[in-house]
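Visitor: Sequence:
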Amino acid sequence: IPTLDAFREWMHTAAPERGRFWFVRGKFEADMSPEKISVHNFVKAALYGTLVTHAQKHDVGEVFPDGAFLVNEATGFGTEPDMMFCSWDCLTEGRVQVRAWRRESDGDVEVHGIPDMVVEIVSDSSVRKDNVELRQSYFAVGIPEYWLIDARGDEIDFQLLVRGADDYLAQPADAKGYFLSPCFGRRFLLTRKAHKISGWSYRLLTRAE
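Numbering follows the numbering used here, in which position 66 of the sequence shown is assigned residue number 66; successive positions increment by one, without gaps.
Possibly wrong hints are sitting among the right ones.
Here are the computed lysine-lysine pairs in the DSBU-like style, where the Cα-Cα straight-line distance is at most 30 Å [as the list claims (entries may be wrong)]: (1) K193 <-> K176; (2) K129 <-> K27; (3) K57 <-> K193; (4) K129 <-> K193; (5) K44 <-> K129; (6) K36 <-> K196; (7) K57 <-> K176; (8) K196 <-> K27; (9) K57 <-> K44; (10) K193 <-> K27; (11) K57 <-> K129; (12) K44 <-> K196; (13) K44 <-> K27; (14) K176 <-> K36; (15) K176 <-> K27; (16) K27 <-> K57.
With beta-carbon atoms standing in for the labels, derived distance ranges [stated by the list, open to error]: (17) A30 <-> G177: 14 to 22 Å; (18) V98 <-> A6: 17 to 25 Å; (19) A6 <-> K196: 40 to 48 Å; (20) G185 <-> E93: 25 to 33 Å; (21) G19 <-> K176: 21 to 29 Å.
Calculated from the structure, these hints are not laboratory results.
Backbone N, C-alpha and C define an ideal beta-carbon position, used for all residues, glycine too.
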């Protein structure tokens, strides 16, 4: 798959239902590893529940879950983040457009532009992709905030990254372990406890700045 346009067509017409695919710097990549429930899927569910509730309660924008296809034509980049957030300003001012993949096709299947925030949850097969390739690509695209979460270890590694001059910079935790998100204007803390069956159960806590 040599070009972003070819990648987009493949994603919408021939890609398998299972797997993670991305196109970065003229190169197509694929990860066919299954998503682990306890350290990936449950994390994603906890984030989505809290962020959607906040976005709807305060009417601040839209949260796009896993499966929304992000395209940035200016940098030749395409991927499906674990999650994205776009404020109403971002959407109404045209920094992001939700649209069909080609004019004659039906449906709004691509998110074009620069979302306010993206999330990636690290798995065994995505360590380099999430920490290096996507980090560099999201920065090049101009995305202001990148949440990078690794729940595979003894402790949750939650990096709330904001744009600096040359790279993302990790926000420091406050005395209670919360991280400030400039995107939401709130602080967040990701916690977990032993699941009743196996693995972990997660909560994303939030409070005013």
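Visitor: Each hint: holds or not?
Guide: How the hints compare with the structure:
1. For the proposed pair K193 and K176, the alpha carbon gap of about 17 Å is at most 30 Å, so the pair holds.
2. Between the alpha carbons of K129 and K27 the distance comes to roughly 13 Å, so the proposed pair stays at or under 30 Å and holds.
3. For the hint linking K57 to K193, the alpha-carbon distance of about 27 Å falls within 30 Å, and the restraint holds.
4. Straight-line distance between C-alpha atoms of K129 and K193 comes to about 28 Å, which keeps the hinted pair within the 30 Å bound.
5. Only pairs whose Cα atoms come within 30 Å are accepted, and K44 paired with K129 is accepted, the gap being roughly 18 Å.
6. Restraint check for K36 and K196: the C-alpha separation of about 17 Å stays at or below 30 Å, so the hint holds.
7. With a C-alpha separation of about 25 Å, the suggested pairing of K57 with K176 holds against the 30 Å cut-off.
8. Distance restraint check for K196 and K27: the Cα-Cα separation of roughly 42 Å exceeds the 30 Å cut-off, and the hinted pair is therefore not satisfied.
9. Of the pairs offered as hints, the one joining K57 and K44 holds, with about 20 Å between alpha carbons and a cut-off of 30 Å not exceeded.
10. The straight-line distance between the Cα atoms of K193 and K27 is roughly 39 Å, outside the 30 Å bound, and the hint therefore fails.
11. Restraint check for K57 and K129: not satisfied, since their Cα atoms lie roughly 34 Å apart, outside the 30 Å limit.
12. Under the criterion of a C-alpha separation no larger than 30 Å, the hint pairing K44 with K196 is consistent with the structure, at around 18 Å.
13. Of the supplied pair hints, the one linking K44 and K27 holds, its CA atoms being roughly 27 Å apart against a limit of 30 Å.
14. Restraint check for K176 and K36: satisfied, since their Cα atoms lie roughly 29 Å apart, inside the 30 Å limit.
15. Taking the CA atoms of K176 and K27, the gap is near 42 Å; set against the 30 Å cutoff, the hint is violated.
16. Using a Cα cut-off of 30 Å, the hinted pair K27 and K57 is violated, with the two alpha carbons roughly 40 Å apart.
17. One distance hint, 14 to 22 Å for the beta-carbon pair A30 and G177, is violated here, with the actual separation near 36 Å.
18. At roughly 22 Å, the beta carbons of V98 and A6 sit within the given window of 17 to 25 Å.
19. Look at A6 against K196: about 46 Å separates their beta carbons, and that is inside 40 to 48 Å.
20. For G185 paired with E93, a C-beta distance near 18 Å fails the hint of 25 to 33 Å.
21. G19 and K176 have their C-beta atoms about 39 Å apart, which leaves the hinted 21 to 29 Å range violated.
Against the hints set out earlier in the document, violations occur for numbers 8, 10, 11, 15, 16, 17, 20 and 21.
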